[in-house]
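J.: Residue-level listing of the chains:
There are 4 protein chains.
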Amino acid sequence: MANSKYSYVKNFELPDPVLPDTFMLFRLDGHSFHRFTDVHGFEKPNDFRALELMDHAARSVMEEYPDIVLAFGESDEYSFLLKRSTSLYNRRESKIVSTLTSLFTSCYVLYWPKYFPNKPLQYPPSFDGRIVPYPAEKHIRDYFAWRQADTHVNNLYNATFWALVQQGGQTTAEAHATLRGTFSKDKHEILYSRFKINYNQLDARYRKGSILLREEEPENKKASKKAKPATRIVLLHCDIIKDDFWNERPTLLAD
Amino acid sequence: MANSKYSYVKNFELPDPVLPDTFMLFRLDGHSFHRFTDVHGFEKPNDFRALELMDHAARSVMEEYPDIVLAFGESDEYSFLLKRSTSLYNRRESKIVSTLTSLFTSCYVLYWPKYFPNKPLQYPPSFDGRIVPYPAEKHIRDYFAWRQADTHVNNLYNATFWALVQQGGQTTAEAHATLRGTFSKDKHEILYSRFKINYNQLDARYRKGSILLREEEPENKKASKKAKPATRIVLLHCDIIKDDFWNERPTLLAD
Amino acid sequence: MANSKYSYVKNFELPDPVLPDTFMLFRLDGHSFHRFTDVHGFEKPNDFRALELMDHAARSVMEEYPDIVLAFGESDEYSFLLKRSTSLYNRRESKIVSTLTSLFTSCYVLYWPKYFPNKPLQYPPSFDGRIVPYPAEKHIRDYFAWRQADTHVNNLYNATFWALVQQGGQTTAEAHATLRGTFSKDKHEILYSRFKINYNQLDARYRKGSILLREEEPENKKASKKAKPATRIVLLHCDIIKDDFWNERPTLLAD
Amino acid sequence: MANSKYSYVKNFELPDPVLPDTFMLFRLDGHSFHRFTDVHGFEKPNDFRALELMDHAARSVMEEYPDIVLAFGESDEYSFLLKRSTSLYNRRESKIVSTLTSLFTSCYVLYWPKYFPNKPLQYPPSFDGRIVPYPAEKHIRDYFAWRQADTHVNNLYNATFWALVQQGGQTTAEAHATLRGTFSKDKHEILYSRFKINYNQLDARYRKGSILLREEEPENKKASKKAKPATRIVLLHCDIIKDDFWNERPTLLAD
Numbered sequence: 001m002a003n004s005k006y007s008y009v010k011n012f013e014l015p016d017p018v019l020p021d022t023f024m025l026f027r028l029d030g031h032s033f034h035r036f037t038d039v040h041g042f043e044k045p046n047d048f049r050a051l052e053l054m055d056h057a058a059r060s061v062m063e064e065y066p067d068i069v070l071a072f073g074e075s076d077e078y079s080f081l082l083k084r085s086t087s088l089y090n091r092r093e094s095k096i097v098s099t100l101t102s103l104f105t106s107c108y109v110l111y112w113p114k115y116f117p118n119k120p121l122q123y124p125p126s127f128d129g130r131i132v133p134y135p136a137e138k139h140i141r142d143y144f145a146w147r148q149a150d151t152h153v154n155n156l157y158n159a160t161f162w163a164l165v166q167q168g169g170q171t172t173a174e175a176h177a178t179l180r181g182t183f184s185k186d187k188h189e190i191l192y193s194r195f196k197i198n199y200n201q202l203d204a205r206y207r208k209g210s211i212l213l214r215e216e217e218p219e220n221k222k223a224s225k226k227a228k229p230a231t232r233i234v235l236l237h238c239d240i241i242k243d244d245f246w247n248e249r250p251t252l253l254a255d
Numbered sequence: 001m002a003n004s005k006y007s008y009v010k011n012f013e014l015p016d017p018v019l020p021d022t023f024m025l026f027r028l029d030g031h032s033f034h035r036f037t038d039v040h041g042f043e044k045p046n047d048f049r050a051l052e053l054m055d056h057a058a059r060s061v062m063e064e065y066p067d068i069v070l071a072f073g074e075s076d077e078y079s080f081l082l083k084r085s086t087s088l089y090n091r092r093e094s095k096i097v098s099t100l101t102s103l104f105t106s107c108y109v110l111y112w113p114k115y116f117p118n119k120p121l122q123y124p125p126s127f128d129g130r131i132v133p134y135p136a137e138k139h140i141r142d143y144f145a146w147r148q149a150d151t152h153v154n155n156l157y158n159a160t161f162w163a164l165v166q167q168g169g170q171t172t173a174e175a176h177a178t179l180r181g182t183f184s185k186d187k188h189e190i191l192y193s194r195f196k197i198n199y200n201q202l203d204a205r206y207r208k209g210s211i212l213l214r215e216e217e218p219e220n221k222k223a224s225k226k227a228k229p230a231t232r233i234v235l236l237h238c239d240i241i242k243d244d245f246w247n248e249r250p251t252l253l254a255d
Numbered sequence: 001m002a003n004s005k006y007s008y009v010k011n012f013e014l015p016d017p018v019l020p021d022t023f024m025l026f027r028l029d030g031h032s033f034h035r036f037t038d039v040h041g042f043e044k045p046n047d048f049r050a051l052e053l054m055d056h057a058a059r060s061v062m063e064e065y066p067d068i069v070l071a072f073g074e075s076d077e078y079s080f081l082l083k084r085s086t087s088l089y090n091r092r093e094s095k096i097v098s099t100l101t102s103l104f105t106s107c108y109v110l111y112w113p114k115y116f117p118n119k120p121l122q123y124p125p126s127f128d129g130r131i132v133p134y135p136a137e138k139h140i141r142d143y144f145a146w147r148q149a150d151t152h153v154n155n156l157y158n159a160t161f162w163a164l165v166q167q168g169g170q171t172t173a174e175a176h177a178t179l180r181g182t183f184s185k186d187k188h189e190i191l192y193s194r195f196k197i198n199y200n201q202l203d204a205r206y207r208k209g210s211i212l213l214r215e216e217e218p219e220n221k222k223a224s225k226k227a228k229p230a231t232r233i234v235l236l237h238c239d240i241i242k243d244d245f246w247n248e249r250p251t252l253l254a255d
Numbered sequence: 001m002a003n004s005k006y007s008y009v010k011n012f013e014l015p016d017p018v019l020p021d022t023f024m025l026f027r028l029d030g031h032s033f034h035r036f037t038d039v040h041g042f043e044k045p046n047d048f049r050a051l052e053l054m055d056h057a058a059r060s061v062m063e064e065y066p067d068i069v070l071a072f073g074e075s076d077e078y079s080f081l082l083k084r085s086t087s088l089y090n091r092r093e094s095k096i097v098s099t100l101t102s103l104f105t106s107c108y109v110l111y112w113p114k115y116f117p118n119k120p121l122q123y124p125p126s127f128d129g130r131i132v133p134y135p136a137e138k139h140i141r142d143y144f145a146w147r148q149a150d151t152h153v154n155n156l157y158n159a160t161f162w163a164l165v166q167q168g169g170q171t172t173a174e175a176h177a178t179l180r181g182t183f184s185k186d187k188h189e190i191l192y193s194r195f196k197i198n199y200n201q202l203d204a205r206y207r208k209g210s211i212l213l214r215e216e217e218p219e220n221k222k223a224s225k226k227a228k229p230a231t232r233i234v235l236l237h238c239d240i241i242k243d244d245f246w247n248e249r250p251t252l253l254a255d
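Chains as they are written, first to last, in full-length UniProt numbering: chain A, 1 to 255; chain B, 1 to 255; chain C, 1 to 255; chain D, 1 to 255.
By construction, these hints were calculated from the structure, which means they are not laboratory data. Just to be clear, a hint being listed does not mean it is correct.
Once the Cα atoms are required to be at most 25 Å apart in a straight line, the calculated DSS-like pairs of lysine-lysine come out as [claimed, not checked]:
hint : chain 1 : residue 1 : chain 2 : residue 2
1    : A       : 10        : B       : 95
2    : C       : 185       : C       : 95
3    : B       : 208       : A       : 10
4    : C       : 10        : C       : 119
5    : D       : 83        : C       : 95
Note that this is a predicted model, so its numbers are computed, not measured.
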């Protein structure tokens, strides 16, 4: 067959398995989302609809891929944890990275009109993704702590910055200057004393990010032990850094 | 800062550069498109609108990434050639694979209604992607020959198969049985003698696939030598296996 | 400088770090040692001097590389465990593999005359090496169990095989035939009933392989807590599969 | 079998093939040879016996591995070119790197007494190795040019430096100071005017390094075309940067 004389080119596709029995952390980020949020008029400091759309897309990815046991989202990024025993696509890195990034993107575009009914997409948004393998549970806990600490730091800054601009009448340059060198407690103080904003009462979605995980269906707990329990995906905006989150879910990292 | 005690987790992100000075071939394929085409009622053996949508998405990707010098599409797959000197994203494999797959997917979903105005997407389609590095021009020529030979073999089979079913009244099982063990010339003969179809007069898009490449704007050829010539992306359905295609474009693989 | 116009070729040296915080298992094997043992007249089923030479070379490698915490040898192979926190050569795989293989080889050739004073090397022996990263302690325990179980299976077979040949007067073909399909207990029985050999009383070096590990110097245990304790490398031929070995050394895999 | 329950640990051995149809450049370097040359009293600026030993070891490696078509040595390093079509060890990187480094080391130690009959090895020398894949002939030419240019620069510096010390009575600190900021022509001038040394008349081995390549046996050229011609390995100290070397050997990089 004519084909066979060329098919040697397949030999250049090198194997790219992720090390067995490591957790795979898949993270994606919006590509050039600074421009994207400007063009599409996202609200500052947080656009509720945009975050809901991210959560929706992430939930769809989790529904399609049962080996994802936990996800965390903030701003235009989302992290997904695949259980360490997963054999998804034989653990081929490019296959997993590309397929998950593609499905998330597809959901983001498809569900966009639900969250922005009056604002059609001006151009196609895109995301980049990567997989990071982690050997131990400790790394996974620290990974999610890293992201949630980042959410906190960014959100406190942004909340204060945009209060100075939107309510305080500062220019963005002035607001940056006001915040230069300030500590966390200074920003809390600015928010409260100047704008009567108690930071800790802001929407937990903004302060804590979005956590998606599977829970067993309540009715299912009574069902036969033999049947694999049905699960549903729940969305939380709670602390993921302290021990409580993990102690309450002792099987989360078990597989 | 709270963040810094966790940021060591970034050290697990290993470098993944593609070998310098090799051509990068990026190919993507529809994920579970057998089901997707069924659910969305694609016409057999070829759905013209669906192929046009693929071409549109591919063209958008090429417009965004000037280092893509050539692309080839058939069915639910598309191959993109990045010039060997590209330093896109510092040649990081995951970054390139995920970003290009994401942008293509985004275009596919965003432009879907243009080609299927009466058929809304029932669920989010996705694609998987991979990069294959090729050291030499010969490999690139053979790669595209491999894909176009594949197009030919598949299309001849499918054209004959669906003629037997749609016009010949065979079941799909009967049609498969009819074609078992047949050679290329047998299928031509079946098409012509039973259905008055001259295979070589079928739409070249189906027989040859879609080729996208950059051409200099005609008016631009007169412009100052110093200015980098403006280019436009053209769509062809011609032979890419024989020497002519390559001889006519001596600079295509030059960089 | 003339040099600089060519130095771009360094860019083709791609990074090859081993995933952080994983144990590195470095194993080397004799290259074509079947022929090597024939040419150099190794005794069957085990050549004591050759095993001592392997142990000597391995000990020298451990002395040079303090991050090796454990080693196991049998026949013409040796495995070395680098602690998971090692930053030896920035965890570059080729650098570690090549350097350790080279040093072992160098010792093997240099110390050869000590163990084979009347048998000069007929040609240069060589070894191949590889690094396997393991995420968890369980994998390390199972790795060493895998090697020691292999030692047992091979040694029981070889002990019986060579008894049949050397004492029983069988040809090698006959001895293979005798052993085909036999179980472990059958081999014990053959050894005992035909040759009065109690397998369990054979030299533990043959049955258990060689284990090298660091122990604190006894006198050092009284020394100041602040000083890093001096250690010496000890050679054992004990069971490494059961829990005892590991329970007695709770810090062995700690770093 | 006891073994099988542990043998899953083999799954952590990841594939590491070098990209097909690329040249593989294997380079090894002496490990901590500054100390090694001091302890073993190597002559400065060049020790003829040590270079001959390197050449001997390299020649032995080439004899064992017919897919090595060219080698270049200087000081304590050697580079070996494997032909691009080689399928040695299925192109597995660790296997090739470790085996070649091991064999070279083995030869170095084994043949040491031939070159240093009165100076036994004080401790085992070792080497590190790496493989760099190159896509094109141009890269290979530039690679060897890079090494030979390096040889020239180092040797000119060292020749002048040691003349200042050994014949000029400078301390090493003074000699370094004398040479700081000098150009090539300044060093030639120092050598000639102060020490009557015409640099270009120094032994070509020092100035050009050592080149090993295969040549057909002269008598063999008349032999049957069908027989694969017998070759021998020749040692040259000629220019490898200019075109002549390559033009005279048009088939050197052909496979």
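J.: For every hint, state whether the structure bears it out.
T.: These are the hints, each one checked on the structure:
1. A/10 to B/95: 22 Å, holds
2. C/185 to C/95: 45 Å, violated
3. B/208 to A/10: 21 Å, holds
4. C/10 to C/119: The hint is violated at about 44 Å.
5. D/83 to C/95: 23 Å, holds
The structure is inconsistent with the numbered hints 2 and 4, although it conforms to all the rest.
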